[in-house]
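Trainee: The residues making up each chain are set out below.
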Amino acid sequence: MTRSNIALLILIAGVATLPLFGGAYALRLGTIACMYSILALSWNVVGGFAGYPSFATAAFFGFGAYTAGVLVNDGLPLWLAVLVAAAAALLLAAALGAVLLRLRGHYFAIASLSLVEVLRELVNNATDLTGGGMGLNIPLASGAGVMAEAAFFFYAMWGLWLATALMVMAVAGSKLGFGLACIRQNETASGMVGLNTTLYKSLAFGLSACFVGAAGGVYAAWVHYIDPSDVFDILYSVKPIVMALMGGLGSPLGVACGAFLYLGLEEVVWRNYIQIHTGVLGLLIVLLLLFLPHGLISLRAGMFWRRTKHV
Amino acid sequence: MHAAQILVNALVLGCLYACIAIGFSLVWGVLNVINLIHGSFIVLGAYLAFGLYYSLHLSPWYAVIVAAPLFFVLGYLLQRLLLNRVIAAPVLVTLTMTFGLDLILNNAMIYFFKADYRKLTLSPPLGSISVAGVVVPVDRLIATASALALTGLLYLLLRRSRVGRAIVAVRLDRDAAILMGVDVKSIYAIAFGLGAALAGCAGVVMALIFPISPLTSSGYLGKAFVVCVLGGLGSVSGALAGGLLLALVESVGSTFFGPSHATTLSFVLLIVFLILRPQGLVGRKGFE
Chain A
4 MTRSNIALLI
14 LIAGVATLPL
24 FGGAYALRLG
34 TIACMYSILA
44 LSWNVVGGFA
54 GYPSFATAAF
64 FGFGAYTAGV
74 LVNDGLPLWL
84 AVLVAAAAAL
94 LLAAALGAVL
104 LRLRGHYFAI
114 ASLSLVEVLR
124 ELVNNATDLT
134 GGGMGLNIPL
144 ASGAGVMAEA
154 AFFFYAMWGL
164 WLATALMVMA
174 VAGSKLGFGL
184 ACIRQNETAS
194 GMVGLNTTLY
204 KSLAFGLSAC
214 FVGAAGGVYA
224 AWVHYIDPSD
234 VFDILYSVKP
244 IVMALMGGLG
254 SPLGVACGAF
264 LYLGLEEVVW
274 RNYIQIHTGV
284 LGLLIVLLLL
294 FLPHGLISLR
304 AGMFWRRTKH
314 V
Chain B
197 MHAAQILVNA
207 LVLGCLYACI
217 AIGFSLVWGV
227 LNVINLIHGS
237 FIVLGAYLAF
247 GLYYSLHLSP
257 WYAVIVAAPL
267 FFVLGYLLQR
277 LLLNRVIAAP
287 VLVTLTMTFG
297 LDLILNNAMI
307 YFFKADYRKL
317 TLSPPLGSIS
327 VAGVVVPVDR
337 LIATASALAL
347 TGLLYLLLRR
357 SRVGRAIVAV
367 RLDRDAAILM
377 GVDVKSIYAI
387 AFGLGAALAG
397 CAGVVMALIF
407 PISPLTSSGY
417 LGKAFVVCVL
427 GGLGSVSGAL
437 AGGLLLALVE
447 SVGSTFFGPS
457 HATTLSFVLL
467 IVFLILRPQG
477 LVGRKGFE
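Protein chains in written order, with the numbering used here: chain A, 4 to 314; chain B, 197 to 484.
No lab work stands behind these hints, which were simulated from the structure alone.
Glycine included, each C-beta is placed from N, C-alpha and C at the ideal position.
Each hint should be verified, as a subset may be incorrect.
From the structure, some residues in chain B lie toward chain A, with a derived Cβ separation under 7 Å [what the hints assert, rightly or not]:
#	residue
1	L299
2	N303
3	S409
4	L411
5	I467
6	V468
Generate the whole structure from the sequences, applying the supplied hints.
Mentor: Put into structure tokens, the structure is as follows:
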């Protein structure tokens, strides 16, 4: 267990105390923060560890949301529906990954981007199952009060976040993580020394989709109404990437901190400058890439003053 | 069936798609940057045509002449000042950079022009012509001709001019081009400027046919993506071939399966092409 992993677990434990001293608004923010941390950490498995620029996060998020939504409507309990959504996302991603991950660089980025479009159009057109463009209503989970429900969904998202963090740490410390790092550095060479790159990449893609699908399921139950343009929004793919870049690619602690910082900034901008908030977001991205390309985690105290050098 | 009509529709649409994609393809092929601002550039070009028509009564044919240099300068500066700083970074960084720039430009357009859909309606309207039962609106016909003219101009530029040869040289082998004394940074900026100019002109052409709104930019971008992958990157003939193929698939697809499945069909085609023939229809292997 490295020091940064312990720090991440402490951060997660700290966030869990939020309901003790926060109102409904704080819980809503906390739930969203946990959700985006899940997405960013999951993306980090395929984008940070393996170095594949995946834009498919929104595809699996929407897929999970719709799977869980349809199942809950069929009378399944929420936890089972979310579990099924996670398993289905895992299988779908592993199967798709075996095909799509043959592509590299730009081509993979586009293929994963178009996966979002294809799934959105399919859901849009399968009106009998999903309600199409009219969206899907998900029945309220319980008759409990507003605060009880807010706390319930906060802890559901938080639990998923913890699970995701543990998964990412396990991957980072395992043979799989080592193999993914090899693939990132030189895929041809790692294939040459006997690494089954297709298997490793598919596994990484599947694992990165699994918790995203589950988060989508919880999200659907939380907001009670989903429609294709909402849950298959391409921003669900892009924001986790920006968060990961902001925090530091490949480092779980950095990615989680990036998610929190990003959401904090977004909330401030959104509340104060509603008309130009996407523009400010864009400006933030540009500045970040120009001046802090390795993320927050690369910030060191020594960067702010120059130590005298002995020549 | 009206096979001839479907074919003509596809042909017209295909030329428009090629026009949308050609600047995108140039930037991608030469700079190896997926330029996500492309869609917003097209919309900005459409607004320029709209504004010139309604404020100065300048017809869109002349708006092309105004748009090209304006957008060239805009693109040149953007590349020179911002993108050249991250050009050597991995795909993800340049992609995210252009995404950020796109957010800024798109938000600015929504802020200044509002998100309402507008339409440039020529007065008097141009009507349509019909030959042997095949009906084609004249504005579409003119737009197609302009699209072909723009594509042809780019082809000539890349083939005949000194700058064009340098762009092709950088695209083929960057390192060798440096050794031959080509200033790669300035070629990058010129290529990006050309891409922006083509996007602006494409926007002027699109203003004749499609409604104008900042929200349409992602639609243009999606089409450009598909066309580039189908046709092959960086080549003029590739964009034309890709545009025509996409339009044909969409027209035939929406005739047989209904228009709601046309997008799905085009993206499925995209994924199939990515896997089976990533260099595109006319591309050569090893160029991607």
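Trainee: Classify the hint on L411 of chain B as holds or violated, based on whether any CB of chain A lies nearer than 7 Å to its CB.
Mentor: This interface hint is violated because 12 Å lies over the 7 Å limit.
Trainee: Are V468 of chain B and chain A close enough, Cβ to Cβ, to be under 7 Å, as the hint says?
Mentor: Result: violated, 10 Å to nearest chain A Cβ.
Trainee: With chain A as the partner, please determine if N303 of chain B meets the hint condition of a C-beta pair closer than 7 Å.
Mentor: holds (3 Å)
Trainee: Checking hints one by one. Is S409 of chain B an interface residue toward chain A, by the C-beta closer than 7 Å rule?
Mentor: violated (15 Å)
Trainee: Against chain A, with CB atoms and a cut of 7 Å, does the hint on L299 of chain B hold up?
Mentor: Interface hint status for L299 of chain B: holds (3 Å vs cutoff 7 Å).
Trainee: Given a cut of 7 Å on the nearest C-beta pair, is the interface hint for I467 of chain B held or broken against chain A?
Mentor: OK, holds: I467 of chain B within 7 Å of chain A, min 6 Å.
Hint violations for this structure: numbers 3, 4, 6, all remaining hints satisfied.
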